[in-house]
Amino acid sequence: MNPYLPYEAEIMERHQETDTVFTLHLRLTDPEMGRSYQFQPGQFNMLYLFGVGEVPISISSDPQEPHLLGHTIRSVGRVTEGMAKLAVGDRIGIRGPYGRGWPLKAAEGKDVIIVTGGLGCAPVVSVINYIMKRRDRYGKLTIIQGVKHPRDMIYREQYDAWAKIPDTRVFLSASSGEALWPWHVGSVIDLFSEVKFDSAVSVSMMCGPEGMMIAAIRLLLERGMPEHSIYMSMERNMQCAIGHCGHCQYGGKFICKNGPVFAYPDVKELLGIKGF
Amino acid sequence: MTDKLFYLPRERFQFFLTCISNHCYQCIGPQLRDGAILYEAFTSVEALPKGYRDSQKPGEYRVKQNGDQRFFAWANGPQALKPLFFAPEEPMWRAHKNDEGFVVDGLLPETKSIAVIGARACDLAALKIQDKVFLQGDYIDPYYARRRESVFLVGVNCTHSASTCFCVSAGNGPRCDSGFDIVLTELDDGFVVQAGSEMGGIILSELNLGTAIEEQILLSNSATEYAATTQTRSLPEEDLRKTLFANLHHERWENVAERCLSCGNCTQVCPTCFCHTEAEVPALDGNSSVHMRQWASCFSEGHGYIHGMQTRPEITHRYRQWLTHKLGSWHDQFGTSGCVGCGRCMTWCPAAIDMVEEVNIICGGDRFWQSGEGAL
Numbered sequence: 001m002n003p004y005l006p007y008e009a010e011i012m013e014r015h016q017e018t019d020t021v022f023t024l025h026l027r028l029t030d031p032e033m034g035r036s037y038q039f040q041p042g043q044f045n046m047l048y049l050f051g052v053g054e055v056p057i058s059i060s061s062d063p064q065e066p067h068l069l070g071h072t073i074r075s076v077g078r079v080t081e082g083m084a085k086l087a088v089g090d091r092i093g094i095r096g097p098y099g100r101g102w103p104l105k106a107a108e109g110k111d112v113i114i115v116t117g118g119l120g121c122a123p124v125v126s127v128i129n130y131i132m133k134r135r136d137r138y139g140k141l142t143i144i145q146g147v148k149h150p151r152d153m154i155y156r157e158q159y160d161a162w163a164k165i166p167d168t169r170v171f172l173s174a175s176s177g178e179a180l181w182p183w184h185v186g187s188v189i190d191l192f193s194e195v196k197f198d199s200a201v202s203v204s205m206m207c208g209p210e211g212m213m214i215a216a217i218r219l220l221l222e223r224g225m226p227e228h229s230i231y232m233s234m235e236r237n238m239q240c241a242i243g244h245c246g247h248c249q250y251g252g253k254f255i256c257k258n259g260p261v262f263a264y265p266d267v268k269e270l271l272g273i274k275g276f
Numbered sequence: 001m002t003d004k005l006f007y008l009p010r011e012r013f014q015f016f017l018t019c020i021s022n023h024c025y026q027c028i029g030p031q032l033r034d035g036a037i038l039y040e041a042f043t044s045v046e047a048l049p050k051g052y053r054d055s056q057k058p059g060e061y062r063v064k065q066n067g068d069q070r071f072f073a074w075a076n077g078p079q080a081l082k083p084l085f086f087a088p089e090e091p092m093w094r095a096h097k098n099d100e101g102f103v104v105d106g107l108l109p110e111t112k113s114i115a116v117i118g119a120r121a122c123d124l125a126a127l128k129i130q131d132k133v134f135l136q137g138d139y140i141d142p143y144y145a146r147r148r149e150s151v152f153l154v155g156v157n158c159t160h161s162a163s164t165c166f167c168v169s170a171g172n173g174p175r176c177d178s179g180f181d182i183v184l185t186e187l188d189d190g191f192v193v194q195a196g197s198e199m200g201g202i203i204l205s206e207l208n209l210g211t212a213i214e215e216q217i218l219l220s221n222s223a224t225e226y227a228a229t230t231q232t233r234s235l236p237e238e239d240l241r242k243t244l245f246a247n248l249h250h251e252r253w254e255n256v257a258e259r260c261l262s263c264g265n266c267t268q269v270c271p272t273c274f275c276h277t278e279a280e281v282p283a284l285d286g287n288s289s290v291h292m293r294q295w296a297s298c299f300s301e302g303h304g305y306i307h308g309m310q311t312r313p314e315i316t317h318r319y320r321q322w323l324t325h326k327l328g329s330w331h332d333q334f335g336t337s338g339c340v341g342c343g344r345c346m347t348w349c350p351a352a353i354d355m356v357e358e359v360n361i362i363c364g365g366d367r368f369w370q371s372g373e374g375a376l
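First to last, the sequence lines map onto chains A and B. When the letters of the first sequence are read in order and numbered with full-length UniProt numbering, they come out as residues 1 to 276. When the letters of the second sequence are read in order and numbered with full-length UniProt numbering, they come out as residues 1 to 376.
The hints are simulated quantities; they were obtained by calculation from the structure and are not laboratory data. The hints are all genuine.
Covered stretches of chain A (chain B as the covering partner; in silico rule of three or more C-beta atoms under 8 Å from a C-beta of chain B): (1) 49-57; (2) 237-245; (3) 262-274.
We put the beta carbon where it would ideally sit given N, CA and C, even for glycine.
Whenever a hint applies, use it, and build me the whole structure from the sequences.
Following this line, the structure appears as structure tokens:
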């Protein structure tokens, strides 16, 4: 069994989320592989574009529908720019799932605070969707999402729909506003003053730029949230996804296998120190 | 490993090689190439670097002919065993286009059974560490595993240390303690030999050797003791993981970064560095594409790059990453240090950076540099 080999998958659906962000829904072409494939929200796959290379992309769809795997991708490099040009019916390579996902079992019965910035929302959208489908297992859901510009806001209609669900609050912000942006203009961190939560029964899950996550963690800690109730998804260069290539090291951790989701105490030693 | 020590007269060393070859191993051993001692295939004892000594210090490596009969009276060369098992560059798989998409074929290396003649204690220790990385985690690396499958290791206890050697301090040498099939200690007119495995015992029995006499055993012990006592460098005797991470803002990181060229030589010659990069090589006709991997270095720009962001933009960050990983966070990952004390990172550094000196200064802990970093 060679863990490096990608398997072929077909693009079943494609959605353009923003100018540069798109979602591909993939189905493994080998029926046997398709049947045995399972994942947890927060895990990722290595996606392969023929002749160009591989990239790590988190799985944004629901784990109960593993036959159709959603991947939300921003075109920023050679591989993702090539993937942006693919259409329904085209083939792509896939291997995974890798890493550790969100603590969704541990969070059952608790209030959940989701904090995300920029495209950080792709990994946590899997959590939001997961909780929405199993709403009775969780307490209050608070979604705090910040983007640079309103046009970067992906899944915008979904946020509007989520905001209408009982026991669910949505706080959105954009660093620069525009007409018809009904939400906050400023930093995602500003939103925290509006957010009320009971730190004793809450779990926070966050994903986004590290500076934003560090600022959010500081606010959560100040307001009494225990360190072990804070989870974050980290990102580093990844090539192999199985702990062999060395690129994703973060101190003693490999983001690919010990993460990408970490409890805050596991990474706090180096968090905010440039160069790790 | 058996305790039984035999004596192999120098004139029978060719027969020793022949016996190993007769078990279908291709012998790989040290040979002088372009002024350095490298490991390459050989059949005749004439190929060995007879009479050579090496002189090493940070940024310098020279070999000199001493005129005597010894094959292994030098410390080490730029290569360890690493290139034999973890290939500097190799294809991993090939994708072929078909009517609808593509199929992927794994490309495992064609390998021969090899016998390495003259593996040093530091190299055997490094091999154990690379085995942990590639064979003992959640995923077995099939390329490394294939190359590692059929290997016969003849260790040599070191009788000469270079000024850059610090295996005693690293806890690995100069005697090979395990991980070999046969181990030799070289004397003027022959070798004290010992089997370390069943296969090693079989080959020794075919040689029909006499038992080593007490004088030979004493000479061999004092020869390796000499190699140990002449080592001049040593790592600080403390928990380096703890101390290095407590000193992430030491001023010495900037000082060493001013001298470091970020060339990555230290990581290439390091017998434990395992980082590699994957690269895609599409065929000109566009119908197939080979996925390659090649050694990478945490000193390169690409190592920490993600979509427009450089994790380690400054050489300070890269040197600190390398050293804190090698001596510190390696313990978190593999339960061992990543340094075996071979000293290659110093010898082959074009800027003559003395890693052991840097560690000692950084762990001195008396001069802190307050950067204001550390957001929490």
